[in-house]
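S.K.: The primary structure of each chain is shown beneath.
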Amino acid sequence: MLGFGEVYDYVPGKVDWLAHGLAVEGKRTVAPIAGRAMRDDAALCRPGDRIADVCEAIERSPYPFALVTTDDRTLVGRARLSALDPASERPVFDVAEPGPKTFRPHAAAEKVAGFLADKGFRWAIVTTPEGRLLGVASREDLERLK
Amino acid sequence: MATPIGLDGLKTLIDRGAQVAEVLPADDWAPVHLPGAISLPLRELDEQHAGALDRTRPVVVYCWDSL
Numbered sequence: 001m002l003g004f005g006e007v008y009d010y011v012p013g014k015v016d017w018l019a020h021g022l023a024v025e026g027k028r029t030v031a032p033i034a035g036r037a038m039r040d041d042a043a044l045c046r047p048g049d050r051i052a053d054v055c056e057a058i059e060r061s062p063y064p065f066a067l068v069t070t071d072d073r074t075l076v077g078r079a080r081l082s083a084l085d086p087a088s089e090r091p092v093f094d095v096a097e098p099g100p101k102t103f104r105p106h107a108a109a110e111k112v113a114g115f116l117a118d119k120g121f122r123w124a125i126v127t128t129p130e131g132r133l134l135g136v137a138s139r140e141d142l143e144r145l146k
Numbered sequence: 001m002a003t004p005i006g007l008d009g010l011k012t013l014i015d016r017g018a019q020v021a022e023v024l025p026a027d028d029w030a031p032v033h034l035p036g037a038i039s040l041p042l043r044e045l046d047e048q049h050a051g052a053l054d055r056t057r058p059v060v061v062y063c064w065d066s067l
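Protein sequences appear in the order of chains A and B. Residue numbers for the first sequence follow my numbering, beginning at 1 and rising by one. Residue numbers for the second sequence follow my numbering, beginning at 1 and rising by one.
Since the hints were made in silico from the structure, they are not lab data. One thing to keep in mind: the hints can contain errors.
Stated by the list, open to error - A short, non-exhaustive set of chain B residues, derived as facing chain A with CB atoms under 7 Å:
1) LEU10
2) VAL32
3) LEU34
4) VAL61
Claimed, not checked - Counterexamples of contact, computed for chain A against chain B with all Cβ distances above 12 Å:
5) PRO64
6) PRO100
7) PRO129
On a predicted model such as this, the values are computed, not experimentally measured, just so you know. Even for Gly, the Cβ is constructed at its ideal location relative to N, Cα and C.
Sequences and hints are given; from them, build the entire structure.
M.R.: Put into structure tokens, the structure is as follows:
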């Protein structure tokens, strides 16, 4: 191919790179996207963690929920404090909500904020296309980026 | 014929010193592109424009997505 020995085609393309929240260059790197509003400060837990322990973790965090992930941070559920019994020894996965709604880091902040407002939600969970948790973006922070 | 790769393959090649080229029009490259990627629009791809690349190093090309 034009005298080149090793040529590769990154088939998933630029969208894939952006969807993973990876660094970029160019004139619009400060675009108002969800990835710029997210914070990595939610309580995390594993599916087998005791509900009592998860409740304590949630109370130490800025959010009323914990995110249930695997060891490699793949999101598998969300546990809301209001639905948990703080005295329960059961594994949190028994009561967690499976497959919560998620957004990609390159999603327009305005669109995500609008969705949250329409649904009456306060936070957006941001993941890669494979479901690996990147962070949580509040509606307030998203709206500040608009 | 280019060898198809995914994100992990791309990262490995970048670590090996691969050159990255975006084959979209320059107006798509300018706002946002992969770090270090040069603009090499497909319509302009010929011997002269490809001369910006080092033939002794791997080259990775990409566009918007797989569609």
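S.K.: Output the numbers, in ascending order, of every earlier hint that fails for this structure.
M.R.: 7
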